[in-house]
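Kindly produce the complete structure, drawing on both the sequences and the hints.
Read top to bottom, the protein sequences are chains A and B. For the first sequence, full-length UniProt numbering gives the first residue as 1, with consecutive numbering after it. For the second sequence, full-length UniProt numbering gives the first residue as 1, with consecutive numbering after it.
Hints were generated in silico from the structure; no laboratory data involved. Among the hints, erroneous ones may be present.
Pair ranges (Cβ atoms, derived) [what the hints assert, rightly or not]: (1) A:Thr470 with B:Gly510: 48 to 54 Å; (2) A:Asp667 with B:Asn135: 23 to 29 Å; (3) A:Asp667 with B:Glu50: 36 to 42 Å; (4) A:Asp121 with B:Asp659: 15 to 21 Å.
In the DSS-like style, the derived pairs of lysine-lysine whose C-alpha atoms are separated by at most 25 Å in a straight line are [said to hold, decoys possible]: (5) B:Lys657 with A:Lys644; (6) B:Lys644 with A:Lys692; (7) B:Lys657 with A:Lys657; (8) A:Lys84 with B:Lys710; (9) A:Lys619 with A:Lys584; (10) B:Lys657 with A:Lys418.
Idealized CB from N, CA, C, for every residue including glycine.
Okay, here's what each chain looks like letter by letter:
2 protein chains.
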Amino acid sequence: MITNSAPSAIKTPYTVNLAQGDPEEKREEIRRYFHETYDAYEALFEPLLEKVAYRTRADALRHPLIFYYGHTATFFMNKLVLAKLVDRINPSFESIFAIGVDEMSWDDLNESHYEWPDPDDVREYRNKVRDCIDNLITTLPITLPIGWESPFWPIMMGIEHERIHLETSSVLIRQLPLKLLDANHPTWQVCDRDNPTVSNELIEVPGATVKLGKSRDDAYYGWDNEYGSYSKDIETFSASKYLVSNKEYLEFIEDDGYTTRDYWTDEGWNWVTYEKASCPRFWLPQEDGSYKFRTMLKEIDMPWSWPAETNYLEAKAFCNWKAAKTRQPVRLPTEEEWYRLLDYSELPDAPEWGKAPGNINLEGPASSVPVDTHEFEHGFHDIVGNVWQHTETPIRGYAGFEIHPLYDDFSTPTFDTKHNIIKGGSWISTGNELMRDSRYAFRRHFYQHAGFRYIVSDAPVEIPDDSWETDPEVVPYCEFNYGKEYFGVSNYPERIAQICLDLATKRTRGTALALGCKTGRSAFELAAGYEQVTGIDFSARMIRIGVQMKDKGYTQYTLPEEGEIVSFHQANLQELGLDGARGKVDFMQGDLANLKSIYSGYDLILLDTLLERSYNPEKFLESVHERLNKGGLLVIASTYDWQKSVTEQENWLGGFKVDGENVTTRDTIEKLLSANFEQLGEGKDVEYVLRKTARTFDHNVVEVTAWEKK
Amino acid sequence: MITNSAPSAIKTPYTVNLAQGDPEEKREEIRRYFHETYDAYEALFEPLLEKVAYRTRADALRHPLIFYYGHTATFFMNKLVLAKLVDRINPSFESIFAIGVDEMSWDDLNESHYEWPDPDDVREYRNKVRDCIDNLITTLPITLPIGWESPFWPIMMGIEHERIHLETSSVLIRQLPLKLLDANHPTWQVCDRDNPTVSNELIEVPGATVKLGKSRDDAYYGWDNEYGSYSKDIETFSASKYLVSNKEYLEFIEDDGYTTRDYWTDEGWNWVTYEKASCPRFWLPQEDGSYKFRTMLKEIDMPWSWPAETNYLEAKAFCNWKAAKTRQPVRLPTEEEWYRLLDYSELPDAPEWGKAPGNINLEGPASSVPVDTHEFEHGFHDIVGNVWQHTETPIRGYAGFEIHPLYDDFSTPTFDTKHNIIKGGSWISTGNELMRDSRYAFRRHFYQHAGFRYIVSDAPVEIPDDSWETDPEVVPYCEFNYGKEYFGVSNYPERIAQICLDLATKRTRGTALALGCKTGRSAFELAAGYEQVTGIDFSARMIRIGVQMKDKGYTQYTLPEEGEIVSFHQANLQELGLDGARGKVDFMQGDLANLKSIYSGYDLILLDTLLERSYNPEKFLESVHERLNKGGLLVIASTYDWQKSVTEQENWLGGFKVDGENVTTRDTIEKLLSANFEQLGEGKDVEYVLRKTARTFDHNVVEVTAWEKK
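Below, the structure is given as structure tokens:
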């Protein structure tokens, strides 16, 4: 030990109710919660015996512990500076300890890039930060409820952030060489029991609807990814009574689990071959073929009744092996299925626990306990606690997801389909981690104090393929179609569709074609009046968003704010009242100048800001009557903004002189259509605004003309 | 003659009062005016003896007469089609006869490009057009006053257009071979007098202010270039009593005028050497050294007492010769000086004449008369009439110039500084050409029935160098600074300047620096509160507009409407109430990243949407306090819209992450300025709209922050 203080007794109160109570008492409650969290994190580092322990990398792809020791204090400072509540204490430390939490590339970890400070200096820095925050808690104005906008929110953010690192740093310490650690530190003693192994069995969980997502006015601190709403009907399934124990997992290993390609996903097989893994990371194979087991601070005999701790890839391979052996659809639960199990267990949310219902919140030993220790309703064990439980579900935002402005990269980098959700918490999970709504996700090859429960279900697992759309050509049209209004100009595709629907009153409204549909909004809107709508755009990248909307009901995209800073947005058909249109809309890629003849027989064709973006618009107009039913409508919206880079000048419909007189696009449209169409009413101007950055926009005015086929 | 009708007696009523009278009587008056104009134009072609006369080019660079014969009818049709009042009568003719009035390039005139119709067919077409317009005059609704928007306006436009061609075609006929013409046609007989020559003398014209430009509610038809307002103080000058006679001009010729380089402008010398000219075009040098003279239809003995008919270049060379000989500042009058002479003569406007006050309106012979025939007030002769009088002034629009939408290229192609104004009218000038406000201009080497009067004046001639700004980078900023408002967003540079002026209340307001001033408006606006303002922009092309505004008080520019169709705009400091600022503002080209140290000692520096367009903005901000006086203001407006193409990313002030946290431009500005400045108040959003085409705009929102130097 490098400090002489006595070992700490860790206190782990529940996270603070931010809505109810006396403000000044709340101030003191937050102060206690802050100090006890800070204390707990300090206590975690007490077993590090030498300064070298701080500088030694526990994981080849992660920073040494010194980084994490400084990081939680620096995080407080960086968020509070961002919130303009404090000035910097140590700009150098606050740069060194700012980033690098996650796995890094080899190059980033080149030692020569880092000059790690002395742990004593970092401890001194941490103390200064502690004083600073304590002072802030004293002086900041406080009103309840404390919401996203409150100056206390970044303080809660820093506390809960430190609680996450309390857990993740304990995983790193579990990978440090034993000689650097005080195995006998009294605060971190492991469970001394290893029960006779129990054989696992399946218990039915009746189907029901689960509702997920936290309300904006929830009384407790939450990370951005918890808010919003999502509901899902869960079919009846069966789930294993216990988490998979080391003993149960051994069967998989002994049945050539780690060498049988078929059990592994592609990603899993890549991992297992790259790592040359033959068992979970914390199993220590001995020369005689037996195993020892690594806890946070020491090596012990293999505790066969404890839960198997694996990464997702190993858990998934186990399930596939089990499915092959049992010929049953064995797999991990999805996020929603895990919640169904939680709901079924009728466990109240953490603040009502009084006492931990399982091996969680540091109320037990500093390790797992046998899987049959903590029983919940219906015979299940370890609904929460002991180790985290892997799920099949890559994390994403719920409908209504928004990012807290002080921490815009907490969740979004993980919304990449590569980070799977873990649920239930471990023996060292505290604070927000205990809460029903909390959601944490890690890369599938990462280790936490995590194992798994398997289920048997015929329900397919829908893996959302929803990374964030970042294509700079496409994202402005995501916002344009599904996002906010700017300068008081209402949603353009909605208005264009409404013009069509108004014109279509008392007409046949069978099929409609939306040409130039971009990311699809106009097609969904037209479905309110037409039986079937086809949206066509030249750009497959645009169409992809429409298809996502149709298939999944939502899409996610980033928008440029300033320079390379982006914001994150989610659009959702349900919120727009368009969910019912999903079955009536199709999207196809197509070229106006060469549109297939199958696109015929329509009651409406909407040609939306497309003429002026086609390399040869005349051909289409000359024959468009052949694509419409008698009495059918043609609605043309155009800025008449011809660009030589898009349309060779000889193919422009207007914007030039003939015989000395100006010929406008409108003139030519009238000329081309007059033989087969009657014009309905006058041209009508409709504005639209296309957001480019937070402060720059295109603001255009289309003319809309409507034509009835004779 | 190719028709058998009797020679016409030409009637030349004054142009119609469009504001007063009974509407139905007005309808009949317009009908008479139309037919009498159409008749007069037909009569002009009566002396053409053979069809070949129609197809023979009078001028090598002009179409043959057949084009002009058809053109005036086609003009009616094209304008009325554009006004959606009629359908086409003969689309082929209406294309053939549409364009090519002016001098053309050799290539355009390649005969193989043209298949000229038979004159009889054209006559038949003209008759159909006559019937069509007569019918239109009968059926169109009529209300008085008849203004720009009235359907009778394009009818008046067609009539006055034909009256112009009555004159210009007579000049072309004057260049046809004599054998193709009936020299004895009774309608077109020349003056048979040649007085003894008088010697010219100078008469003083006292200085006064002249006010030019026609009011929008004037009762008479006007071309676009006549409207607007312009006033000028004219110094006392002397003007020649008579127009320069052939006899007086002969002195110049005999004094080696055509071979002495010094008398000619560069353009004049180019012309005289290219044309190998040795005398005016209608002088016919004989082998014996004497001259004959060409009238419209025949050759006569040299009428020495008639006015010399020259182009501008010859008139100017004569003046220069005269100046050299007399050592007096002899030159042509400017447009304004000509008007001063007209005002001094107290001649009423044409509709009040009763009888022509000179050889004009076809009330005399079909030629000039001796220069001492028609005397006006103060002893001057030919104030109007006989021949047009060249002026020094290239034509341009007055303040408030607007283009009639049905004829957008009547004037603007001549606003190129290459077309000089002629004044006063000739023997064949009629209709609008008689009116005080009418303004016609031709290229300086063109011949009309035009001569000149010289003046002696010390006043310099200001030749406006004001073609239309068409630079696609610059014209949006002309409109942005001096043009209309769009989407209800008020003028941006005016508001930015007002923010500065509001902040400057009760502060020292000596000198101000407007950085990123674009085309200059903000600098002019700041001059309302500061003694001296310097506007700086990186682009010399932008600055040029500001300099024009300062020097001349106005600028002209085209704006893209749709495709290659443009509209024409004039901006005028007087109209904007900023004329008084001209003496307080300077413009310089400068680079923010490398701004000279002389730009120091300011009480205000405005940095307007420039940081984000500089390749290295930090250096300036670091030292800007050195350029300000104590207590001086720094006002920064920015969209924070960094583009890699403009600013290398390493030089951005914000829009990136440092140590994992977003750094905004605003953060960096605060950091860079905090040592030397106090921020005044909060950032303030200000919108601006930049017009790109009639239907496409940039709509941005800058943040404005203000800083006081400590």
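So, going through the hints one by one against the coordinates:
no., hint, in the structure
1, A:Thr470 with B:Gly510: 48 to 54 Å, "50 Å, holds"
2, A:Asp667 with B:Asn135: 23 to 29 Å, "24 Å, holds"
3, A:Asp667 with B:Glu50: 36 to 42 Å, "40 Å, holds"
4, A:Asp121 with B:Asp659: 15 to 21 Å, "18 Å, holds"
5, B:Lys657 with A:Lys644, "38 Å, violated"
6, B:Lys644 with A:Lys692, "15 Å, holds"
7, B:Lys657 with A:Lys657, "51 Å, violated"
8, A:Lys84 with B:Lys710, "22 Å, holds"
9, A:Lys619 with A:Lys584, "29 Å, violated"
10, B:Lys657 with A:Lys418, "23 Å, holds"
The earlier numbered hints that this structure contradicts are 5, 7, 9.
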